[in-house]
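> The lines below spell out each chain.
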Amino acid sequence: MLRSHSYVRVAVTLAAISLIAASCGGDDADITLYSGRSDNLIQPIIDEFEAASGLSVEVKYGDSADLALLIDEEGEAGKTAADVFLSQSPGSMGFLEERGRLGAVPEPTLALVPDHVRDDGGSWVGFSGRQRVLVYNTDAVDPADLPSSVFDMTDPQWKGRIGIAPGNGSFQDFVTAMRATQGDDVTLEFLKALNANDPVLYANNSAIVAAVGRGEVDTGLTNHYYNYRALAENPNQPSTNHVFGPDDPGAVLIITGAAILAGSDNAKLAAQLIDFLLGSSGQQYFATETFEYPLAIGESPANNVPPINFSSDVSNAGGIAFEDLAGGLEATRALIAESGLES
Amino acid sequence: MVDFPLDVAEPTPTGGRLQRRVTSGGKRTSWVTPSRLLGLLIGAVFAGPAGFVVWRTIRLGGDLANVAKEVPGPLWRTVQLSVLVSVSAAIIGTALAWLVTRTDLRGRRFWRIALVLPLVLPSFVGAAAFIAGLAPNGIIHHALSTVGITPPRRFRGLSAAWLMLTTFTYPYVYLPVAARLIALHTSLEESARLLGLSSTATFFKVILPQLRPAVFGGGLLVFLYTLSEFGAVQLLGFDTLTRVIFATRQSNRALSFASATVVLVLALAVVALERSQRGTSRPDDRSTAVVRRSRLGWGQAPALAGCSLVLLVGLVIPVTSLATWAQRGIAEGRVSIRDLVQPAISTASVAVIAAVLAVAVVMPVALATTRRPHRSSDIAAVSVIVGFAIPGLVIALALTVLTLNTPVVKGLYQTSALLIIAYVIHFGSQALASTESAVRSVPHALRESGRLLEPSLIRRFFHVDFPLMRPGLVAAGGLVMLSTLKELPATLLLSPIGFSTLTTEIWASYEEGFYASTGLASLVLIAVSATLTWFLILRRSEVVRG
Chain D
2 MLRSHSYVRV
12 AVTLAAISLI
22 AASCGGDDAD
32 ITLYSGRSDN
42 LIQPIIDEFE
52 AASGLSVEVK
62 YGDSADLALL
72 IDEEGEAGKT
82 AADVFLSQSP
92 GSMGFLEERG
102 RLGAVPEPTL
112 ALVPDHVRDD
122 GGSWVGFSGR
132 QRVLVYNTDA
142 VDPADLPSSV
152 FDMTDPQWKG
162 RIGIAPGNGS
172 FQDFVTAMRA
182 TQGDDVTLEF
192 LKALNANDPV
202 LYANNSAIVA
212 AVGRGEVDTG
222 LTNHYYNYRA
232 LAENPNQPST
242 NHVFGPDDPG
252 AVLIITGAAI
262 LAGSDNAKLA
272 AQLIDFLLGS
282 SGQQYFATET
292 FEYPLAIGES
302 PANNVPPINF
312 SSDVSNAGGI
322 AFEDLAGGLE
332 ATRALIAESG
342 LES
Chain C
836 MVDFPLDVAE
846 PTPTGGRLQR
856 RVTSGGKRTS
866 WVTPSRLLGL
876 LIGAVFAGPA
886 GFVVWRTIRL
896 GGDLANVAKE
906 VPGPLWRTVQ
916 LSVLVSVSAA
926 IIGTALAWLV
936 TRTDLRGRRF
946 WRIALVLPLV
956 LPSFVGAAAF
966 IAGLAPNGII
976 HHALSTVGIT
986 PPRRFRGLSA
996 AWLMLTTFTY
1006 PYVYLPVAAR
1016 LIALHTSLEE
1026 SARLLGLSST
1036 ATFFKVILPQ
1046 LRPAVFGGGL
1056 LVFLYTLSEF
1066 GAVQLLGFDT
1076 LTRVIFATRQ
1086 SNRALSFASA
1096 TVVLVLALAV
1106 VALERSQRGT
1116 SRPDDRSTAV
1126 VRRSRLGWGQ
1136 APALAGCSLV
1146 LLVGLVIPVT
1156 SLATWAQRGI
1166 AEGRVSIRDL
1176 VQPAISTASV
1186 AVIAAVLAVA
1196 VVMPVALATT
1206 RRPHRSSDIA
1216 AVSVIVGFAI
1226 PGLVIALALT
1236 VLTLNTPVVK
1246 GLYQTSALLI
1256 IAYVIHFGSQ
1266 ALASTESAVR
1276 SVPHALRESG
1286 RLLEPSLIRR
1296 FFHVDFPLMR
1306 PGLVAAGGLV
1316 MLSTLKELPA
1326 TLLLSPIGFS
1336 TLTTEIWASY
1346 EEGFYASTGL
1356 ASLVLIAVSA
1366 TLTWFLILRR
1376 SEVVRG
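Protein chains in written order, with my numbering: chain D, 2 to 344; chain C, 836 to 1381.
The hints are simulated quantities; they were obtained by calculation from the structure and are not laboratory data. Ideal Cβ placement from N, Cα and C applies to all residues, glycine included. A hint or two may mislead.
Said to hold, decoys possible - Label-pair ranges, simulated between beta-carbon atoms:
no., chain 1, residue 1, chain 2, residue 2, range
1, C, ALA879, D, THR14, 47 to 57 Å
2, C, ALA879, D, GLU77, 22 to 32 Å
3, D, PRO45, C, VAL1244, 34 to 44 Å
4, D, GLN158, C, VAL1176, 15 to 25 Å
Please put together the full structure from these sequences, using the hints given.
Written out as C-alpha cells, the structure reads:
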C-alpha cells in the first residue's frame, strides 16, 4: 500500500504533467474573443464559425464587468490580447467606450442591424436582445389583473407578491432606462413605492423565475428568456411572461453587443466573426437556443416568443437605445440604495 | 494552528524553553542576513497586491466625501458579520473538537471525519443550495412544514449570512483545536479532576487556556475569510465592503479601491491584535498515557443532537439540494458527467501544485518566525496573512497589472503559472500557521545532534527536519488545496484561455439558470475535494486515527 507521502508525490507529478499538457494546446488562434456570455450559450455558434470560416477562435469567458476591467488594463499597458468583446451588460460596453478601448465596427457590419440597436459612433453593434418582462405564476394570477405599466406594480394588490433582483445587472439596466425616459425623481419615487410594497428579493433572474414557478412568489421582474429556458427544463412549470405596454420602461429591450477592440491587430477577421453572429445561422442560434430576440434585419424570434417591433420605432416597442443605458450606472446604484431596496 | 496530524516525535519541554531563551536576544540583531532577506523578499511578493491596492487608491484619488458617505454602512456590516462569524465559529469549532477528542461521545470516530466535511463546500454554493432548499418545494421547506414550523419567507441579511458563513468556516477552528487537544498533555487535567473540579470546570479553567493559540489562529482565518467573501454575501443580500468593491469595480473605481484599502486596514488591525493576544504556544508534548475521556452521561443525547445539527446544515441539506438539481438533469439526459472530467482534472492539478508551492514558499517565513524571531520575520508573516483578506478579484487585478507592466514577467500573463501564484498569495496564510507548528514540532535536542553530525544546512533540513515536519506540512498544504479548489473570482479573471475549472463551470451555469449543471458540477467538486483530502491529508492524520 502506498504511504501518504507517496500519494502526494504521485499527485504532484500527475498535476504537473496535466498542466503542462493543458498549457501546450491552443496558442495563437486567429481571433481572440473575450465573452461576457458563458460558454453554454456561445461556444456552439463559435464552433460553427470555425468550421465555416476555417479560422480558429480562442475564447476567454467571464463576467462582462470583469472582462471589461481586464481589457482596460491590457489597453492601459498597450498589450491588448483580445480582438472581439461580447458584452452582456450595456454598462461594460459603455465603460470601455468611455475609456477609449473600442475600435470601429466596419460600416457593412453596422448596416446589418437597424439604427436603434447599434452605437451612433459605430464602436459597437447589437447582436441579440433581451426584453424586460413580468413573469407570473398562472395558478396564482389572473392575466386580466395584470397592468400595462410597471409603475402599477406599486399598487397594494401586489403587496408581497412581486419578486425582484435589485443587485442584478439587468434590473439596474431597467432602472437606468427608467431614469433616461422618466427622470431621476420619478424613478426614485417608483423604487421607494416598490420597496414599500414588500417585494421579495432574489439574487438573480433565474432565481426569480424558479421562485415564480414554484409558487413562492406570484410575479417577478425579469428578462423574457429566463422563463422560456425554465420551461425548456420543466415544461409543466406554471409560469408565463407578461409584457408591459409600449413605451413602458418595464418593457425595455437590453442589447447584447459586440465590439472590436482598439488594440486588435486582427480587426478584419474580428469583423468576420461579428458578421457571422449577425448572419442567419448566428441569429437563429440566439433565437432558438437562448430564446433571445435576433437583431439583424429580417430575422424573427423563436416560435413561442412574441415578436416585437423594435426595428421600426424604438419607443413604440418600449426599447431604449443602448447608449442611454450605458454609463450612469453608479447613479442608478445610488438611487436603488437610496430607495432602501438594497439594504 | 491547523497542526492536526502531529504524529511526530515530541520535543522536550526543556528544548522549547531553551530555544526561546537562546532566540530572545535575536530581536536586536542585524536585518541583513541571508535568511532575513529571503523572508523579506517573500513578504514583499505577498505584499504586492496590498501595495497595488494602496497605489491605485491614491492614483485614482476620488471623492473623499463620497467615500465617507458610502463606506461606513458597509464597513459596519462587515465588522458585525466578521466578528459574529468568527466568534461563533470559534465556539462551535472548539466545542466539537472537545467532544470528539476528549469525551465518550458515541461514534466519535465517524464524527471526527464527518465534521471536517463542510469545509469542502464553496460558501456561495452552500448558500445557493440553502436558498433553494428553503423555497416552497425545497427540502428544508418540506421538513419544516412537516413538523409544523412556518419556513421563513426570506433567507437573507445578517442572520442568513451569519448562519451560512459560520457553517462553512468553523472547520478552520475545529481542525487546529482538535489537533491541539490530541497533542496536549493530560496530566494537568488529571490533577484538576483529582482535585475535584468538574469536567466542565476543568475544560474552562485548565484546557481552554492551553488551546488559546489554536482557537485564535483558527478564528483569525475565519475572520479574514469573512472579510474577503463575496459569493455568499451577494446571494444573501448582505451589503458588506466586498460587495461594494464588486458592485462599483467598473462604475466607480475610486470607491471600489478605497473600499479595498479599508478592508486591508481592517485586516492589518485584526492580524496585529491577534498576534498580540494569542499568547505563545508551548511545544506539543504529547502524553503517552491513555487519554481520560469525560463521561457525557445525560449530555450524550444533546451532544449527539448538536453534532447532527451541524452536519445537517453544513453538509446534508446542501448536498441533498444539489443532488436534486443534478438528478433531474441527468434523468432528462441534459447534463453529463463527461463534460466535467477536464475541468475536474484542471481544478485538481492547480490545487495540488498551489498547495505544494504555498508550503514551500512560506517555509522560510515559518522557520524565521519560530526559530529566529525578528521584526523582519514579523513583517513577512503579517504580509503573508493579510493576503487572505484581499478579495480574489483584487488580487487578480493586481497581478494582471503587475505582470502586464513588468517586462521580465509579462510572459506570465494568462498562464496557469500566474493563476497558481495568485492562489499562493491568497491562501499562503492558511499554510503559514500549520507550517509554523510543524517547524516547532522538531525537538531542539534532535536539531543539536544534527548540527554535530551533518554540517550541510540543506542536507540537515532534508534529513532531520523535513521528515519530522512532514505531517504538519501535509496539513498546511491540505488547507491551501481545499481553498484553491473552491476559489472563483481570481480563477475567472486569471485563467488561461480555454482553461475551465469546476468553480467556473458552477458559476457559469448558475448565472444562466442551468441548475442541473450547477448541481452536478458542485457534487463533482465536493467529491474531488473529499477524495483528495482523504488520500493526501486525512488518512494518516491523528484527527482520524488518534
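> Which constraints among the numbered hints does this structure fail? Numbers only, ascending.
1 and 4
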